[in-house]
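Enquirer: Spelled out from the first residue to the last, the chains are:
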Amino acid sequence: MSAVAMTVNGKAVTGDVDPRTLLVQYLREHLRLTGTHVGCDTSQCGACVVHVNGKAVKSCTVFAWQVEGANVLTIEGLAEPNGPLHPMQEAFREHHGLQCGYCTPGMIMTAVDMVNRKGNDLDDPTIRHELEGNLCRCTGYHNIVKAIAAGAKAMGKGHG
Amino acid sequence: MYAFTQHRPETVRQAASLLAKQEEAKLLAGGHTLIPTMKLRLAGPKNLVDLSKVEGLTGIEVSGRSITIGAMTPHVEVTTSAEVKEAIPALAYLAGLIGDPAVRHRGTIGGSIANNDPNADYPAACLGLGATIITNKRRIEADEFFKGLFETALEPDEIITKVQFPKPQKAGYVKFPNPASRYALVGVFVSKRGSEIRVAVTGAGSNGVFRVTAFEEALKKRFGAKSLEGMTVPADGMASDIHGSAEYRAHLIGVLARRAVAAAAAGPDTDVD
Amino acid sequence: MSATGIGAAVRRKEDQRFITGKGHYTDDVNRPGQSHAYFLRSPHARARIKAIDSKAAAAMPGVLAVLTGAELAADKVGGLICGWMIKSKDGSPMKAAPHPAIAHGTANYVGDAVAVIIAETLAQAKDAAEKVKVDYELLPPAADPAKAQTGPQIHEVAPRNTIYQWHLGDPKAVEAAFKAAKHVTKLDLVNNRLAPNAIEPRAAIGEYDAGTDSLTLWNTTQNPHVARLVISAFVGIAPEHKLRVIAPDVGGGFGSKIFIYPEEVVCLWASRRIGRPVKWVSERSEAFLTDAHGRDHVTHAELALDADGKVMALKVKTIANLGAYMSTFSSSVPTYLYGTLLSGQYEIPAIYCEVDAVYTNTVPVDAYRGAGRPEATFVVERLMEVAARELDVDPADLRKKNFIKKFPHQTPVIMNYDAGDYHASLKKAMELADYAGFGRRKRESARNGKLRGVGFSTYIEACGIAPSQAVGSLGCGVGLWESAEVRVNPTGSVEILTGCHQHGQGHETTFAQVISDRLGIPIENVSVVHGDTDKVQFGMGTYGSRSGAVGISAIVKALDKVESKAKKVAAHMLEVAEGDIVFKDGKFTVAGTDKSAAWGDVALNAYIAHKFVGAELEPGLKEGAFYDPTNFTFPAGCHICEVEVDRETGESEIVAWTAVDDFGTVVNPMIVEGQVHGGIAQGVGQALLEGVVYDQDGQLVTGSFMDYCMPRAQNLPVLKVDMTTTKAPSNPLGIKGCGEAGAIAAPVAVINAITNAIGTEDLAMPATAQTVWQALQKSNNGQKAA
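Protein chains in written order, with the numbering used here: chain A, 1 to 160; chain B, 1 to 273; chain C, 1 to 786.
Be a bit skeptical, because a hint or two may be false.
The calculated lysine-lysine pairs, modelled on DSSO-like cross-linking and capped at a C-alpha distance of 30 Å, are [to be verified]:
id	chain 1	residue 1	chain 2	residue 2
1	C	Lys22	B	Lys39
2	C	Lys186	C	Lys400
3	C	Lys727	C	Lys13
4	B	Lys167	A	Lys118
5	C	Lys147	C	Lys89
6	A	Lys118	B	Lys53
7	C	Lys13	A	Lys157
8	C	Lys13	A	Lys153
9	B	Lys226	C	Lys450
10	C	Lys561	C	Lys727
Label pairs and their computed distance ranges (CB to CB) [what the hints assert, rightly or not]:
id	chain 1	residue 1	chain 2	residue 2	range
11	B	Gly59	C	Ala56	31 to 37 Å
12	B	Met231	C	Gln696	34 to 40 Å
13	C	Pro349	B	Thr232	50 to 56 Å
If you are wondering where the hints come from, they were derived from the structure by calculation, not from laboratory data.
Where a beta carbon is used, it is the ideal one built from N, C-alpha and C, also for glycine.
All chains, please: the whole structure from these sequences, using the hints.
Expert: Structure representation (C-alpha cells):
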C-alpha cells in the first residue's frame with residue numbers, strides 16, 4: 001500500500017492505496033467521483049482526461065501516487081458548487097455537443113485545457129487538431145467543434 | 001498489472017543506484033509508454049524508479065551553437081519554447097506532433113529516446129540533427145546511440161540527463177502518421193549544418209531509425225528538393241505490416257524527404273504548438 | 001409549432017447530468033459485497049479443450065470461484081440463441097450451432113471464454129487467471145469467409161460451414177433480363193468487417209437475492225426486456241418474473257449492445273452460485289474480441305441496363321460471415337435487412353439475391369448501425385456509379401432516369417415503399433454541394449497537385465423495425481411492436497414509460513416534446529422512464545431507427561387514450577356531455593362557451609374522483625398502448641462527397657460533405673442532425689479508416705485502437721446537412737426515423753468519390769492511403785484520371 005495525498009476539486013484528500021492504483025481508479029473507486037470515464041486501454045480515447053496542476057492529463061496513464069501534492073480538477077469540480085455551469089459545459093449543451101455523454105467529461109476537460117493554452121479564438125482546424133486525443137463515436141465531432149468554439153469565446157468574456 | 005514497489009529518488013546518483021540494485025527495476029519518466037504496457041501485463045517491472053522528483057533533469061538551455069534539453073522535459077515545453085522555435089523550429093514542430101495534447105503534458109524526450117520505439121519521432125530528430133545524448137556516465141553521439149528495435153547504447157544503470165542538439169542552418173521534419181496509433185509510419189528529418197547533411201528516417205526501417213546516405217550525398221551537391229527527384233530507397237530492410245508494406249514505406253521515404261527538404265529550405269515553420 | 005413541441009430544436013434535458021459528470025453508467029454502479037469477474041479467453045482460433053486445471057488458481061488470494069463450461073453445463077444453463085429463423089432455398093432451417101456462455105469442448109474463436117475467475121478484486125482475478133492451466137489441442141481454423149465453405153468444418157450441425165443458403169427474388173426474370181440487356185456492369189465487392197467500439201465498454205453486474213430467490217442484472221443493453229426474456233426463457237437462468245434487468249445510462253450502442261452475450265449470463269449464474277454480486281467490465285482489447293462485429297460480406301453483383309440506360313435487372317451473390325456462433329439477430333442482417341433493400345431508390349423490374357451465411361473461427365457478427373442496409377446501399381450505389389462511368393453518363397442523370405416516381409411502389413424484394421421524393425433530395429443536395437462547380441474545383445485541385453473526385457450516394461433504408469406480421473412471416477421470433485404508458489400524476493406532471501431505451505438519442509427530450517406538444521404542458525413537467533424491467537412494461541428496445549416511428553407512435557396511441565379519458569373527466573367536472581368537450585393547448589373547453597378546465601385540474605380530479613360514477617368512469621389517468629407498425633418506414637436521401645487525393649502518398653481528404661435526407665416528420669431537428677453527423681462519421685470510418693483484420697490462423701491483428709483506426713475530429717470536414725420531407729403514411733406523426741441513415745449512405749459516397757478522383761474502380765475499403773496508392777500504381781499511376 002502507498003500513501004496518496006492530493007487536492008481534488010478544491011478538497012484535500014489522502015488515502016492508502018495499492019501502488020498500482022491509477023489516478024482514474026482513485027477518483028472513481030476511492031473518491032466515488034465517477035464522472036471521469038475509462039474507454040480504452042491504450043491511452044487514446046481521452047474519456048479519462050482531468051486537469052493536474054492546470055494541465056490536461058490522461059488519468060488512466062498516471063498512478064495516483066505520481067500526483068502527490070498536486071491540484072486535480074475533474075468534471076465534477078469544473079462548475080462552482082451550487083453555482084452556474086462553466087461556459088464550456090453550457091456550450092456543449094447549447095450546441096448539442098454530446099449524445100450518449102460517455103466521452104463528454106473528457107471532451108469538456110480537454111476543451112477547457114485547449115482554451116487555456118490556445119486562447120479564446122479557436123478556428124475549426126485548430127480545434128480538430130487539438131482533439132487528436134479524444135474519441136467520440138456518437139457525434140461525428142461536428143457539434144463538438146461548434147461547442148468548443150463557442151465555449152472558448154464565452155470563456156473569454158470573463159466567465160471561466 | 002503486476003505488483004511493484006515505487007521509488008522516488010531526488011538525485012541522479014540515487015536513481016542510478018536504485019536502478020543498479022533493485023530487482024527488475026525500470027525508470028519511470030512520463031509513463032506514457034511504460035504504464036500502458038504494464039496495464040496490459042506486457043511488462044511487469046518489480047521496481048519503478050520515478051524520475052519526476054530528481055533535480056536538474058528539466059529545462060531548456062540555449063548556447064551559441066546548441067540547444068540542450070533536460071531529459072525529463074515534457075514535449076509541450078519543447079514545442080512551445082520560444083528558444084527552440086527560434087533556434088531549431090523543426091524540432092519544436094516535431095515535438096508538437098507526438099501523441100496528443102494530454103500526452104504531451106507528460107511524455108518526455110529522455111523517455112522517448114531511451115525507449116527507441118521504431119515509430120517514435122525524437123530518434124529521427126536526434127539522428128537527423130547529430131545530437132549528443134548526455135547521461136550520468138558519458139556523452140554518446142546519436143550515430144552510436146540507436147542500436148536497433150527498442151535497443152540503445154545505454155548500459156543497465158545509465159540514465160539520460162540531457163540531450164544536446166547542435167543548431168542547424170536548415171532543418172525540416174515531415175511525418176506520415178499511422179492513422180490509428182498516430183505514431184510515425186514514416187518520418188523524415190533532414191538538416192544542413194555547413195557541409196554536414198543528415199537525412200534520418202523513423203518508422204520505415206525494420207531495425208529502427210537510420211540515415212539515408214544516398215540522399216545525403218545528393219543533397220550535399222545542392223540542398224533542394226529537386227536534388228532528390230526520382231530517388232528511392234530499396235524496399236528490403238523496410239518494416240511491413242497492415243498499415244504499410246515495405247514498398248509503401250520505401251516509397252514514402254522519398255516523398256517525405258523531398259517535402260522535408262522543401263520545408264527546411266523554405267525557412268522557419270509557421271505557428272506550431 | 002411551440003418552442004418545446006414537435007419540430008423544435010429543444011436543448012436536451014438529459015445533458016445536465018452528462019456535462020456535470022453525474023451520469024449513471026453501469027460501471028458507476030457498485031453493489032455491496034460485489035466481487036469481480038475476469039474471463040479467461042482462448043488464445044487459439046479453434047482448439048479442443050481437453051482439460052482445465054483450476055486448482056492452483058482457486059487457491060490464490062481473494063479468489064471466490066473458478067468456473068468453466070463444465071459447471072455451466074452441470075447447472076443446466078442453456079446456450080445463447082439466435083432469435084430469427086432463416087430457411088435455406090431448399091426449405092431447411094438455418095444450422096444454429098450450440099453456443100454455451102462458456103466454451104465447453106471446443107473453443108471456436110480467439111476470445112471465446114473458457115473459464116471465469118471471480119475474486120475480491122480484479123487484479124486478484126487476473127493473477128489467478130494466469131494460473132489456470134488449459135490443455136488445448138489445436139485444430140485447423142477456417143478464418144476466411146471466402147474460403148470457409150471448403151475449409152475445416154467448425155460445427156457438427158453445419159457441413160461446409162454453411163448456416164443457410166438463402167435467396168430472394170425471381171431468378172428466371174433476372175436471367176431473361178440479362179440476356180436482353182444492352183449493358184452489364186459487374187463488380188466484386190467486399191463490405192469490410194467493423195468493430196462497433198461504442199466508447200463505453202460493455203459491462204454487467206449480476207446480483208442474487210436469496211431472500212426472494214430473484215436476480216437483478218445491471219447491463220449495458222439497448223433492450224432490457226428482450227435481454228430478460230432471452231436470459232429467462234431460453235438460457236433458463238431464472239423465471240422471467242424473478243429476473244429484473246436494469247439498463248442505466250448507456251454510453252453508445254450502435255447495435256452492439258442489443259445482443260445477449262455470454263458475460264451477463266455468467267455474471268447472473270455466478271452470483272447465485274457464490275451468493276455475492278458479480279461485476280464484469282470489458283476492457284477495450286477485450287471488446288475487440290467479444291463485442292459483435294459488423295458487416296463482412298463478399299459479394300459479386302451485376303446490373304443489367306437497356307439501351308436507354310434504364311435498369312432492367314440486378315443480381316447479387318453474397319457470402320456473409322457470421323463468425324463462430326450465431327449472435328442474437330445475426331441471421332436477419334444479410335437476408336431480410338439486406339436483400340430487401342436492393343431495389344435502392346430505383347425502378348428495377350427484376351432482382352435476384354443469393355446469400356450464403358458461413359461460420360468462421362472469428363468473433364460472432366451481428367447488426368451494426370445500418371445492419372444490412374449499408375451493405376445493400378454499397379452494392380447498388382457502386383453499381384450505379386460505375387455503370388454511369390462505363391456508359392459515359394452523368395451519375396446524377398443515370399439515377400434520375402431510374403428513380404421511382406410513383407408511390408406506393410412495390411419492389412421485387414418484398415418492400416413496398418409508401419412515400420418518397422428522391423428527385424427532391426438529389427436536386428437539393430446537388431444545389432447545396434454546388435455540383436455544377438465541380439469541374440472548376442477539380443482544375444483548382446489539379447493546380448495544387450491533387451486529384452479531386454465527387455461521389456454520390458442516393459440511399460434508401462427500411463426502418464421503424466418492424467411490423468410484427470411481416471417480420472414474423474419472415475422468421476423473426478418476436479413481433480417488433482413497441483409499448484408506452486402515459487402516466488398522468490395527480491399534480492398534472494406526466495411520466496412516459498417507454499419500452500425504448502436511449503443510449504445517445506435524446507428520448508428524454510424528444511418524447512417529452514411529443515407530450516408537451518399534445519397536452520400543452522411544459523417539458524419540465526414530463527419525465528421519461530425507461531431501462532428497468534421492474535418499472536416499464538415489455539418493450540423491444542432501441543435499434544433499427546425505430547424509437548421515433550414505433551416508440552413515439554405507441555406514445556401517441558396512449559395519448560389518444562389519455563385525451564379521451566381526460567375529456568370524460570372534464571365532462572364530469574363541467575357537467576356536460578363528453579361530446580361537448582374540446583381539448584386544445586392544455587385546456588378543456590365546452591364547445592361554444594368559455595367554460596373550461598385546465599389540464600392540472602382535470603388531472604387532479606381524475607384522482608380525487610369524488611364525482612365519478614364508478615361503473616361509467618374509473619378513477620385515475622394512466623393509459624398504455626402497444627403499437628404495431630403497419631409498414632416499415634423508408635428514410636431516403638442523397639449524400640454527395642468530394643475528396644482530394646494526394647497522388648504521391650495516396651492520402652484522401654474529404655473536402656466537402658453534403659447530406660440531404662428525408663426523414664418525414666422530425667421531432668427535434670438538432671437531434672436528428674446529430675444522428676446524421678454521427679452516422680456519417682461511422683460511414684467515413686468504414687470507407688477510409690476502419691477494418692477488422694484477421695490473419696490466416698484466425699488471430700485478430702487489429703486488437704486495439706493502436707491498430708484499429710477510429711475516426712477522429714480531424715478526419716471529418718464540416719458537414720452540410722439539410723432535409724426534404726415526405727411524411728411516412730404508416731404512423732400517426734409521419735416519422736420515418738434517422739438514426740442509421742448516415743452510416744448507410746456514407747461509405748459508398750466516399751468510395752465513389754475516390755474512384756472518381758483516381759480513375760480506377762478497383763478499390764477496397766478501407767481506402768487507406770496505402771490502398772489508394774497501390775490502386776494508383778496498379779492502374780499505371782492514374783493515367784486515366786482526367
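Enquirer: Could you work out which of the previously given hints the structure breaks and list their numbers from low to high?
Expert: 11
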